[in-house]
Amino acid sequence: MMKLEEPLKQEKIKLGFYPYTYVRTVVMRALLFRKEDYHKMLKMGFSEIANFLQESHYRKEINELATHYSGTDLLELALNRNLAASFKKLMRISSYEIGLLIKEYAKRKDIDDIKTILRGKFTNTEDKLILNSITAAGTLSQDFFASLLKKDSIEEILKSNGLAEFSLFKNSLKELKENNTLVGIENALDKHYYAHLIQFSGMLPKKGALFRNFLLKEVEILNILTLLRLKKAKFGKNAIKDFIILSGNKAKDSRMSEIANADDLEQLSKILSKTEYKEIIAKGIEEFRKNGSLIALEAELYKHLLRQSILFMHQHPLSIDVILGYMFAKDIEVRNLKIIVKGKQLGLKEDFIESQLIFE
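Counting from 0, one number per residue, gives the positions in the sequence shown under numbering that gives the first Met the number 0.
Derived by calculation from the structure, the hints in this document are not laboratory data. A virtual CB, placed ideally from N, CA and C, is assigned to each residue, including glycine. There could be a bad hint or two in this list.
[Said to hold, decoys possible] Distance windows between CB atoms, simulated:
#1 K233 / S354: 23 to 29 angstroms
#2 V25 / R306: 17 to 23 angstroms
#3 G98 / N237: 39 to 45 angstroms
#4 K150 / N237: 30 to 36 angstroms
#5 K282 / D151: 43 to 49 angstroms
#6 D151 / K249: 41 to 47 angstroms
#7 N123 / D252: 35 to 41 angstroms
#8 S354 / V25: 29 to 35 angstroms
#9 G346 / S69: 40 to 46 angstroms
#10 G44 / K282: 17 to 23 angstroms
#11 E63 / K127: 15 to 21 angstroms
#12 K59 / K251: 39 to 45 angstroms
#13 Q198 / S354: 34 to 40 angstroms
#14 N131 / K249: 41 to 47 angstroms
[Claimed, not checked] List of simulated lysine-lysine pairs, DSSO-like, C-alpha gap at most 27 angstroms:
#15 K190 / K216
#16 K216 / K150
#17 K42 / K102
Construct the complete structure from the given sequences, taking the supplied hints into account.
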């Protein structure tokens with residue numbers, strides 16, 4: 000079993016000036032697909048998309064896997080491997096101090112992979128299919144996740160998760176047994192990740208202030224998405240409050256608790272229409288009234304967050320913000336490509352696939 004995270008020591012991390020790392024990251028960022036590339040792919044057939052990706056920065060991974068895999072399995076595995084290779088490369092070219100920051104941020108991929116395993120076990124999915132969906136782009140290895148898959152139950156997986164203390168899942172495991180849902184367990188994992196990352200951000204000097212602000216913005220948007228989904232599902236107010244991720248900022252946390260007190264989705268949308276997200280909320284709720292889906296609203300909120308990360312990169316091209324901005328943008332690129340690949344495989348309409356994509 001992997002050793003659990005040690006509590007963070009409250010010492011300030013000294014960040015120097017690392018032009019080599021920053022410039023290399025800018026070069027990596029330049030390789031990412033742009034809006035026009037996505038529009039090209041949306042008009043292609045599946046085989047054309049495969050060829051397009053094989054001629055891009057995903058060439059190495061596709062060629063290496065092509066002897067054993069084909070179709071969507073090949074492309075999704077290649078996307079996962081490329082994401083992992085990109086994050087690992089950042090760690091290799093970074094100083095020890097920058098590496099600490101990258102690893103803390105990359106643990107979100109560990110959380111995603113643990114969720115993938117839990118969902119797979121919950122739905123009795125074949126182990127091979129689950130393993131193929133693992134990115135291993137965080138701090139935990141592919142072998143570690145393979146060992147988790149061998150566990151007999153969700154409880155055993157959580158006991159050996161390698162990141163969070165098992166005691167954190169006491170209530171959510173009870174909820175799993177009573178209501179047959181993983182929602183509480185997944186929320187406990189998210190809370191652990193963001194609490195740990197927010198604590199870490201407090202150890203950064205002034206140079207890390209923008210990262211902390213971006214992190215608080217991300218937590219705010221994730222909370223809004225959670226509230227929208229739970230209000231749609233008609234969860235009670237007290238139950239909803241348990242799902243709020245605390246940011247450590249008293250004013251923001253208090254405001255989020257007030258928003259959670261909204262009686263229903265309609266009242267929630269009215270409250271949110273008085274925030275900086277008013278245009279996004281208005282458009283998304285209108286879409287929800289038409290088709291009962293929050294997909295468009297979720298995509299627009301993530302686009303807003305992506306624009307924030309790009310803004311950081313442009314304003315501070317020689318700082319840690321360019322690294323974190325790249326990681327966020329790279330993660331979104333892989334997500335977009337998986338949506339396109341899966342959408343084309345299923346024969347979904349071009350406009351529906353595009354509505355789920357996130358780009359500038």
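Quick rundown of the hints versus the structure:
Our hint of 23 to 29 angstroms for K233 and S354 holds, since their Cβ atoms are close to 25 angstroms apart. At roughly 18 angstroms, the beta-carbon separation of V25 and R306 lies within the given 17 to 23 angstroms, and the hint holds. As the Cβ distance of G98 to N237 is approximately 41 angstroms, the hint placing it in 39 to 45 angstroms holds. For the pair K150 and N237, the supplied restraint of 30 to 36 angstroms holds, since their beta-carbon distance comes to about 32 angstroms.
For K282 paired with D151, a C-beta distance near 46 angstroms keeps the hint of 43 to 49 angstroms intact. The beta-carbon spacing between D151 and K249, approximately 43 angstroms, falls within the hinted interval of 41 to 47 angstroms. Under the hint 35 to 41 angstroms, the C-beta atoms of N123 and D252, about 38 angstroms apart, fit the expected range. Between S354 and V25, the C-beta spacing of about 31 angstroms keeps the proposed range 29 to 35 angstroms intact.
With their beta carbons about 18 angstroms apart, G346 and S69 fall outside the hinted range of 40 to 46 angstroms. At about 31 angstroms, the CB distance of G44 to K282 disagrees with the hint of 17 to 23 angstroms. Taking 15 to 21 angstroms as the suggested C-beta distance range, the pair E63 and K127 conforms, at roughly 18 angstroms. Under the hint 39 to 45 angstroms, the C-beta atoms of K59 and K251, about 42 angstroms apart, fit the expected range.
The given range of 34 to 40 angstroms is respected by Q198 and S354, whose C-beta atoms sit roughly 37 angstroms from each other. Our hint of 41 to 47 angstroms for N131 and K249 holds, since their Cβ atoms are close to 43 angstroms apart. Under the criterion of a C-alpha separation no larger than 27 angstroms, the hint pairing K190 with K216 is consistent with the structure, at around 15 angstroms. The straight-line distance between the Cα atoms of K216 and K150 is roughly 36 angstroms, outside the 27 angstroms bound, and the hint therefore fails.
Using a Cα cut-off of 27 angstroms, the hinted pair K42 and K102 is violated, with the two alpha carbons roughly 37 angstroms apart.
When each numbered hint is compared with the structure, violations occur for hints 9, 10, 16 and 17.
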